[in-house]
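Counted from 1, the sequence shown has number 511 at position 512 by numbering that gives the first Met the number 0; the numbering is strictly sequential.
Heads up, a few of these hints could be off.
Below 27 Å or equal to it, Euclidean Cα-Cα: the simulated DSS-like pairs (lysine-lysine) are [said to hold, decoys possible]:
| no. | residue 1 | residue 2 |
| --- | --- | --- |
| 1 | Lys546 | Lys599 |
| 2 | Lys546 | Lys111 |
| 3 | Lys266 | Lys619 |
Label-pair restraints from in silico Cβ distances [said to hold, decoys possible]:
| no. | residue 1 | residue 2 | range |
| --- | --- | --- | --- |
| 4 | Gln437 | Ser376 | 15 to 25 Å |
| 5 | His83 | Leu9 | 32 to 42 Å |
| 6 | Pro529 | Glu33 | 25 to 35 Å |
| 7 | Glu353 | Ala276 | 40 to 50 Å |
| 8 | Arg36 | Ile390 | 36 to 46 Å |
| 9 | Ala549 | Ser376 | 42 to 52 Å |
| 10 | Pro345 | Pro146 | 53 to 63 Å |
| 11 | Gln437 | Ile390 | 13 to 23 Å |
| 12 | Pro345 | Asn197 | 35 to 45 Å |
| 13 | Glu79 | Ala549 | 22 to 32 Å |
| 14 | Asn197 | Leu70 | 51 to 61 Å |
| 15 | Ala136 | Asp603 | 53 to 63 Å |
| 16 | Gln45 | Ile135 | 50 to 60 Å |
FYI, nobody ran anything at the bench for these hints, they're computed from the structure.
Don't be surprised by glycine CBs; every beta carbon is placed ideally from N, CA and C.
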Amino acid sequence: MLDPTMEVTLKSPVPQLLTSNEEPSDDQINAVLEAIRLASEEISHQSVASHEARGRQVELATFICVHKAVLSPVRRISAEILQHIFAYLAHSSGPNFPLQLSVCRLWHGVAKCFPDLLSILPPLRLTRQTTRKEFIASLEARIARVPRSVLLSIDIADCISPSHDQVSKTQHPVTQTAYRHSKKWRSVTMSVDSNSLNDATAALKGRLPNLHCLKLHVPTATKWRTELQRSRAFSVVPLLRKVELDSPGPHPITFKNLPWLQLTTYKERTRCPVGLANVLLDHSAIEHVEYRTTDPISAPSLSRATLMRLQSLDFRIYGNALLHGSPVDSLTTPILRNIRIRDHSPLFLNTLIEFLSRSSPGSHLTRLSFHTTHLLSGELTKILLLSPALIELECNDIPFTDLCLLHTHSKKFTLVPYLQNLIIHSPTSLDEIEKLAQSRSRRTSTFSVRLVFTTRGLCNVAADQLTVSCDSLLETATSLSNVLTELDIILDECVANRTGKSVFGIWRSYSDRNVGRKLDNLVSVLETIPLEEMPEFYVWTQSVLRKFWALDYGLIPQERTYHLSDRVTGLIYLWRILFHARDIFPGFIRHGRFCLFYFKPPEDMPKSDVEWILLHGRNKIVDDKEVFWTNRDFSDSDSIYDYLKWRRMVGLGQ
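Please take these sequences and the hints and turn them into a complete structure.
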């Protein structure tokens, strides 16, 4: 037993393992386990009455997590197995996948010598600096390193457009270099100004024999745009299977002879319809379709079709009700598994019931999400009777009578008995929802309820009713909530501005020096607040801190002055130690700025698995645009306005 008056030495018993990928011996494993045990005992006996004691606790937590990593089975994965894993994930849809693999020397070494990862080029910028001969030569050398049998994944980060300055992006050397290798393209992500759509893509016609995935963004029309734009560049693409098209402008565009019927995945985000009516036809190979529009009047009228392969359907109609009915009016989909629809037309629910009855996908449909006008009592029950295999349900506020029917009963019929995830937007019957969550919780399977509110104030009111924080901790909870909200917004602005996705933002409003001081103040509050008494904030706190943790070291302002990265890492480790030592699921927990979350894992599930599910799995905190049914995808406003609105709301002024 550790003497409370003695301090554990923080000198590593295995320093050589901290700087290598060697597998530890039995003696080294025993030494590490003993060091972890002593550090854990000191944490359990230590109070946090002073700043020095809190700093010691963070140091111990860091020591424990670093040495647990030494014992991780990941260190024993051979390079050959890693290559098989990387081959499976090489063409993942995640951003900049090769950099995500550089987590240690071993992984980085394998990634650098793996051909499929070499084929994924970094985002190509069309700037004055990248016109230099040295850069073009390095780009050609990088492409030359890729074996001929391996295809390229290209991402042209800047918009290809006519220019009034000395560098025309339609004739930019980087663009021309990428085009010369177009026959090796497997996937391409590009943004083309609507005024030069045909000219910018004409050189690609007949030169895309291996193209599998096309992601094309056509920004809002420029002042030169007056006529309908057509592109014939993608008419001869025999292997094309996935198309994502984003065109928020008010003028239509067309693609001549694009092979619509051979597509398996099609995503369209437009104001004027482009290809939806060409994809949703009999004999189409389509399996996943997504359509979003801000102009319901322009939404296409679809022909009657039976889509034998369609598994996922996502229609989001923003604005007023459709004039000619819902897009699912004319469709039959026998094996549909996933439905997500936003439609506020008055007859939508009747249309949805008819669609489910006609398609009869009840044994296949596992996920249903819809956002419409106010639900009437009994309407949701009719829909759920047609989809008994549902695992996930997301909708507007559920009427009280339908909530009661969702309860599980030991001897009575249970509606959607396999339901595991329930997401309710703008809920009102909070007491009944809490009873539903408790009745659905089982020992053998996980069950979760996510409550989504339109404002932070409504979320706080619901939290006071559903969470179990003591009255004495309300002030601390409010302070922690404010800190996490502001830190989350600043980090989002950091990522958006530094990756070129935001024109204005907090990084333009403040100097890096002021942002560094602001971050220091927020992290200082987190270092002094009694975090171990705030269990319902664990997931939200870890989610925000890990955003900080994931930032490139060079992007953190005044890092050398405030040592923010090391301090945040210590907080992450400390929170993790507290999580594994305590039960944090008394009921609903805070889950971001606008959400409350109820999660009941099986009693035999290890804490490490629970933590992974909440931080990385399906039940992690997601970005606002993913969890809300708002029109964020088409908004031209910048998140700086959200930040200023939040500061006024919490009383911090402009």
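Contradicted hints - numbers only: 7
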